[in-house]
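If you read the sequences in order, they're chains A and B. If you're matching positions, the first sequence starts at 1 in the working numbering and goes up one per residue. If you're matching positions, the second sequence starts at 1 in the working numbering and goes up one per residue.
In short, the hints are calculated from the structure, not lab data. Careful, some of the hints might be misleading.
Which stretches of chain A does chain B cover? Using the computed rule of at least three CB atoms under 8 angstroms from a CB of chain B, they are [unchecked claim]:
hint, stretch
1, 17 to 28
2, 84 to 90
3, 99 to 110
To be clear about the criterion: a stretch of chain B counts as covered by chain A if any three or more of its residues have a C-beta under 8 angstroms from a C-beta of chain A, and this derived list gives those stretches [unchecked claim]:
hint, stretch
4, 64 to 72
5, 250 to 256
6, 267 to 277
Owing to the predicted nature of the structure, the values given are computational and were not obtained by experimental measurement. From the three backbone atoms N, C-alpha and C, an ideal C-beta is built for every residue, glycine too.
Spelled out from the first residue to the last, the chains are:
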Amino acid sequence: MSAILKARAVSMTIGSARLVDGVDLEISGGEMVAIVGPNGAGKSTLLRMLSGDLRPSRGSVELAQRDVGSYSPRELALRRAMLSQHVHVTFPFTVEEIVEMGTGGRSRAASRPLVEAALQEVGLERFRDRQLPTLSGGEQQRAHFARVLVQLASGEALHGPGMLLLDEPTSSLDLRHQIDLVESARRRAEGGTAVLAILHDLNLAMRFADRIVLLHRGRLAAIGDRRTTITSELIRELFEVDVAIRQTDDGVPYLLPQTMQPAPPGR
Amino acid sequence: MNVTAEAAARPARSLRPAAPLVIIGLLVVLVLAAAIALTVGAAGIPFARLPAALGLSADLSHPLAARDQLVLWSIRIPRIVAAAMVGGLLAASGAIMQGLFRNPLADPALVGVSSGGAFAAAAAIVFTDSRFGETVRFMQHELLPLAAFVGSLATTIILYSIASRGGRTSIAIFLLAGLAIAAIANAGIGLLVFVADDRQLRDITFWLLGSLSGATWPKAATLAPVLALAFVASLSIARGLDVLVLGEAEAFHSGIDVERLKRISIVLVSAMTGVAVSVCGVVGFVGIVVPHLLRLAIGPAHRLLLPASAILGAILMTGADTLSRTIVAPAEMPIGILTAAVGAPFFLAILLRQRGLTGL
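Construct all of the structure, not just a fragment, from the sequences and the given hints.
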């Protein structure tokens with residue numbers, strides 16, 4: 001399948017600081033790619049350049065064979081949906097009103113089924129009339145994810161498979177909702193969408209992504225298959241943590257930090 | 001308790017009334033407020049004489065009918081029309097500004113946008129008068145709204161560039177910068193007062209307190225096109241302002257042309273505030289109180305919030321002006337004093353609520 005997103009030698013320099021340095025990346029429809037790396041590795045900056053929000057200082061980003069900067073915001077929103085890391089809502093919009101913002105202003109009747117499906121998928125149907133600022137951080141994050149799913153579906157109805165970009169979508173979610181969210185993203189990939197997600201949980205990345213991109217000090221440290229890309233040597237180099245990598249019975253690798261002392265018994 | 005059960009235990013939101021009902025209800029109240037405003041004043045005109053005075057009935061038998069007509073058509077109606085339009089402009093521009101800054105405490109008067117307009121208007125009075133004499137003075141009528149608009153626009157742009165960085169707007173910096181800008185503008189007004197002659201001084205003082213006593217048909221006529229423009233433009237930015245609540249980056253991701261939205265909003269707020277200031281001086285708090293009350297009642301979606309704010313602002317301003325010309329009759333209380341007396345405590349109440357939510 002041809003690549004939906006092509007980034008060539010993308011760099012971002014602010015002052016003398018090089019936040020992202022010559023990253024090449026291609027993502028095709030139908031695959032889910034996880035970006036991992038230590039804090040300050042340039043993950044969010046890279047994602048914002050791929051989404052068209054930031055112009056790279058050097059290099060190019062192509063979305064559906066066109067320079068990402070050549071789209072109008074409205075056209076772009078129909079090609080890719082992106083969920084930012086921290087979204088803070090000041091005014092008392094309801095969950096439903098927030099999710100409807102993903103429809104791009106199309107008629108309420110036409111977008112109704114999309115909104116309903118997304119609310120159901122994130123498990124917030126009963127919260128539709130609640131004001132967003134009164135919900136917990138995790139519930140708010142799920143509402144925003146539902147909004148982004150509606151945007152993705154609206155665009156895909158017009159242009160076919162698009163692109164879903166997620167910046168630490170699981171940061172305030174409990175274990176069950178982390179898995180629910182990543183599975184939702186996984187289902188989109190299986191439907192033909194190109195999914196790119198920044199994940200902090202390496203185990204989630206190794207379980208659900210097709211490929212893993214390791215970013216370190218703005219550069220690609222490694223990129224490849226989810227089973228083989230992460231090694232204990234790389235983790236020691238990037239995160240300065242000793243880990244053991246094991247395998248589950250079904251052959252999925254997982255990672256155990258070794259420098260952490262186990263809790264003493266009786267506590 | 002798990003997350004879901006905990007959330008379900010919290011109170012549900014109150015039901016919001018349907019949009020057409022809200023608009024119709026507010027319009028009815030506006031008509032009532034205007035009718036009351038017509039009847040009271042230095043020359044009382046009872047309801048019974050109102051139809052004749054308005055020219056709706058041909059019965060001019062009452063001895064005061066001619067005087068009633070004169071009072072209504074040349075003094076009271078232009079003033080009520082101006083009051084309603086000024087109130088509508090101030091409240092709607094407050095709502096737009098709050099949407100733009102994602103901050104319920106934004107108000108053109110509070111953060112110096114009105115002061116910037118008043119300073120430019122005062123400068124126009126002093127400089128056109130002293131430099132060019134009578135030839136330019138006759139143009140003051142056209143010049144003042146324009147000067148006030150330019151002053152408000154400059155203030156809004158400065159404020160935005162200070163308070164907004166990297167797509168985020170700091171509430172604390174926004175309010176503090178507004179305070180500083182208002183102080184600079186007020187110092188400028190003080191300087192103009194210092195150099196002004198007696199006649200200019202009288203004209204400038206009018207801006208400092210805010211009053212509609214100078215409202216005439218031509219002044220009301222300068223408000224109307226801006227109000228019409230604001231109405232049309234607000235329809236096109238309503239959805240953008242809604243989505244902007246997510247932040248600039250997320251609004252862009254959602255397909256909003258954020259730069260265009262910001263430009264339109266800034267020019268609108270400046271034009272609306274500037275022209276209102278040029279007619280009635282600096283009147284604060286209408287822009288905070290009205291949208292805040294409406295958000296509680298009808299929700300924050302701007303498609304309904306903006307027109308509803310305009311109507312409720314018109315109601316409040318008509319009422320406040322009626323009070324201002326009756327409570328100390330035959331003298332007049334400047335309307336800015338009334339709105340501040342009601343609005344400032346209200347502002348403090350919002351601030352206390354916000355303190356808990358944002359850690360301000």
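Results for each hint:
1. For the stretch 17 to 28 of chain A, the proposed coverage by chain B is not satisfied: 0 residues have a C-beta within less than 8 angstroms of a C-beta in that chain, short of the threshold of three.
2. Counting residues of the stretch 84 to 90 of chain A whose CB falls under 8 angstroms from any CB of chain B gives 5; the rule of at least 3 is met.
3. A count of 4 residues in the stretch 99 to 110 of chain A with a Cβ less than 8 angstroms from any Cβ of chain B is obtained; the coverage claim is therefore met, three being the minimum.
4. Requiring three or more residues with a Cβ within less than 8 angstroms of a Cβ of chain A, the coverage given for the stretch 64 to 72 of chain B is violated, as only 0 such residues are present.
5. Coverage of the stretch 250 to 256 of chain B by chain A holds. Counting CB-CB distances below 8 angstroms, 6 residues qualify, and the rule asks for three or more.
6. Check on the stretch 267 to 277 of chain B: 0 of its residues sit with their Cβ under 8 angstroms from a Cβ of chain A, so the three-residue criterion for coverage is violated.
Against the hints set out earlier in the document, violations occur for numbers 1, 4 and 6.
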